[in-house]
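> These protein sequence lines are chains Z and E, in that order. Going by this note's numbering, the residue at position 221 of the first sequence is 221; the numbering climbs one at a time, nothing skipped. Going by this note's numbering, the residue at position 82 of the second sequence is 82; the numbering climbs one at a time, nothing skipped.
Some hints could be false.
[Said to hold, decoys possible] Dumping the calculated EDC-like pairs for lysine to aspartate or glutamate here, alpha-carbon to alpha-carbon at most 16 Å:
1. Z:K138 - Z:D96
2. Z:K157 - E:E265
3. E:K101 - E:D67
4. Z:K172 - Z:E194
5. E:K157 - Z:E265
6. E:K138 - E:D77
These aren't lab readings, by the way, just hints derived from the structure by calculation. Since the structure is predicted, the reported quantities are computational estimates derived from the model, not experimental observations.
Protein chains: 2
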Amino acid sequence: MSAEMHWPQEATLCEVGLRDGLQNEKTILTIEQKLRLLDAVTASGVRVIEVGSFTHPKAVPQMADTDALCRAMKKLDGVEYRALVPNLKGVQRAYDAGLAKAKLTVSASEAHCLANFKSTPVKMVEGFADCAEFAAKKGMTLSGAVSTAFGCPFQGKVPIGQVENVVEGFLKLGITELSLSDTAGMAHPRQVYELGVRMIEKHPQVRWVMHFHDTRGMALANIVMALQAGVRVFDGAFAGLGGCPFAPGATGNVATEDVIHMLHEMGINSGIDLLKAIETARLAAGFVGRTLAKKWQ
Amino acid sequence: MSAEMHWPQEATLCEVGLRDGLQNEKTILTIEQKLRLLDAVTASGVRVIEVGSFTHPKAVPQMADTDALCRAMKKLDGVEYRALVPNLKGVQRAYDAGLAKAKLTVSASEAHCLANFKSTPVKMVEGFADCAEFAAKKGMTLSGAVSTAFGCPFQGKVPIGQVENVVEGFLKLGITELSLSDTAGMAHPRQVYELGVRMIEKHPQVRWVMHFHDTRGMALANIVMALQAGVRVFDGAFAGLGGCPFAPGATGNVATEDVIHMLHEMGINSGIDLLKAIETARLAAGFVGRTLAKKWQ
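Could you build all of it, start to finish, from the sequences and the hints given here?
Here is the structure:
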């Protein structure tokens with residue numbers, strides 16, 4: 001007997017191209033280019049946008065203008081604008097720039113945390129207590145991302161227990177929107193389904209998001225299995241930007257237009273106009289000197 | 001509640017690169033090159049190979065040497081070698097060349113059949129009675145492929161009833177291995193699951209095969225949902241060859257190495273060595289002047 005599949009009527013696409021796409025491109029865009037992209041993104045119908053990150057400008061020069069961008073952009077009613085923040089200073093910068101939402105991220109991989117931050121995932125998430133306090137005081141919303149949730153270049157497999165540690169840390173801070181991120185593009189569909197089911201059954205109150213990279217071509221397959229597990233919110237980046245800048249053609253984030261196309265083919269509404277999403281992808285690809293995937297040309 | 005997924009322990013990959021891959025490439029390979037590819041394919045562990053087609057040499061010059069190739073190749077024990085045939089003459093050529101298996105194909109799309117053959121799918125499959133008779137007399141095995149089973153460039157959607165007509169026509173001829181082919185790369189995962197479940201429930205005695213092109217990036221997602229429907233046999237082509245020769249970079253058949261990689265990641269054994277499959281893909285890509293996908297370089 002075959003299983004009863006779950007095809008929801010709707011799913012939500014969060015555009016992360018302005019952050020996770022552009023931060024990995026060699027070309028640094030001007031604020032004017034970013035504003036044009038933002039206009040195109042909202043015009044296509046996207047209602048959740050990650051506009052940039054409040055990281056150190058030397059570490060991520062592509063995002064150095066996020067404060068200025070947030071001040072310059074027109075904030076439309078009904079659209080959620082958020083930015084990635086690494087710490088309290090980032091949350092404060094987001095607040096000062098007028099953002100109502102910020103996303104914190106912690107790697108589930110202990111090896112990754114130790115190598116990059118000389119800390120453990122649990123300590124890192126506990127350290128965000130000051131962010132949660134600040135956000136609560138200022139009426140900001142925080143979301144949490146668990147990076148390397150499906151695998152890590154440093155340690156390979158990431159045990160589910162390590163993912164749960166970070167999830168529970170975020171929950172203790174009162175954060176109720178959590179993203180499981182396949183930072184290194186290592187997820188496979190079976191794993192996505194199993195982790196998704198486990199997390200949703202354990203924490204049904206959480207708004208679960210999944211974030212895939214198409215490094216090994218499995219991003220759409222992963223999204224299909226995430227849908228079956230009950231996930232309804234996915235990140236995507238216009239034109240699939242975010243590949244390694246030193247390997248032209250290397251795939252980055254799953255392309256927003258690919259996700260929208262597949263969802264619509266399956267009868268799942270995203271509220272986004274596919275043709276406009278492709279136009280946005282064309283604009284973004286042009287800005288960073290890439291060409292659009294053949295199928296969309 | 002989430003569904004109980006079905007992850008089989010094993011799945012079979014049929015290498016169709018020598019036929020559906022090469023027939024769409026501008027470069028015509030020599031017999032020596034094809035023999036080298038065949039050696040690489042069997043060395044990687046593939047046990048089902050579509051070596052070519054017995055079509056008119058003017059229509060498909062890339063396949064004009066299939067007779068000679070079949071005579072020149074070493075046939076290994078335990079490996080199934082088959083060719084695509086369009087009619088009785090093709091079956092006879094396959095027999096004369098020493099093949100024990102031939103594959104007939106009929107388009108499920110009425111518009112496609114009318115445009116290309118001035119016939120209907122039902123009449124076409126009935127017309128294969130002479131092939132079935134010849135094969136039975138000579139002890140050959142026939143399989144059937146239903147092309148455009150998931151969509152057609154001429155008529156768009158293909159009603160399930162049109163697919164069933166062809167399936168039942170093949171069954172009447174005593175053919176028990178049937179492939180549902182996404183000739184135009186139009187299938188989406190939900191459709192694959194629903195058609196797969198319907199066909200398997202109705203005809204559980206058939207050895208069902210699915211054949212996907214990655215035209216729109218959904219081939220792996222389609223395979224995951226086909227696995228859930230109960231399909232256990234898939235076609236693939238080394239290096240994903242088979243894209244339109246006039247659009248460099250356009251994707252063709254789903255790449256064998258991508259399928260093997262995903263299956264193994266999900267704990268599904270294929271009996272094929274991934275590294276050797278990648279070597280085969282590199283060899284094939286080199287022969288037709290393409291480069292291997294970034295992820296496998």
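> All hints, please: hold or fail.
Hints and how they fare:
A distance of roughly 10 Å separates the Cα atoms of K138 (chain Z) and D96 (chain Z); the hinted pair therefore holds under the 16 Å criterion. Of the pairs offered as hints, the one joining K157 (chain Z) and E265 (chain E) holds, with about 12 Å between alpha carbons and a cut-off of 16 Å not exceeded. With a C-alpha separation of about 14 Å, the suggested pair K101 (chain E) and D67 (chain E) falls inside the 16 Å cut-off, and the hint holds. With a C-alpha separation of about 24 Å, the suggested pair K172 (chain Z) and E194 (chain Z) falls outside the 16 Å cut-off, and the hint is violated.
Distance check on the hinted pair: K157 (chain E) and E265 (chain Z) sit about 12 Å apart at the alpha-carbon level, within 16 Å; holds. The hinted pair formed by K138 (chain E) and D77 (chain E) fails the criterion: a straight-line CA distance of about 20 Å is larger than 16 Å.
Hint check: violations occur at hints 4, 6; the rest are consistent with the structure.
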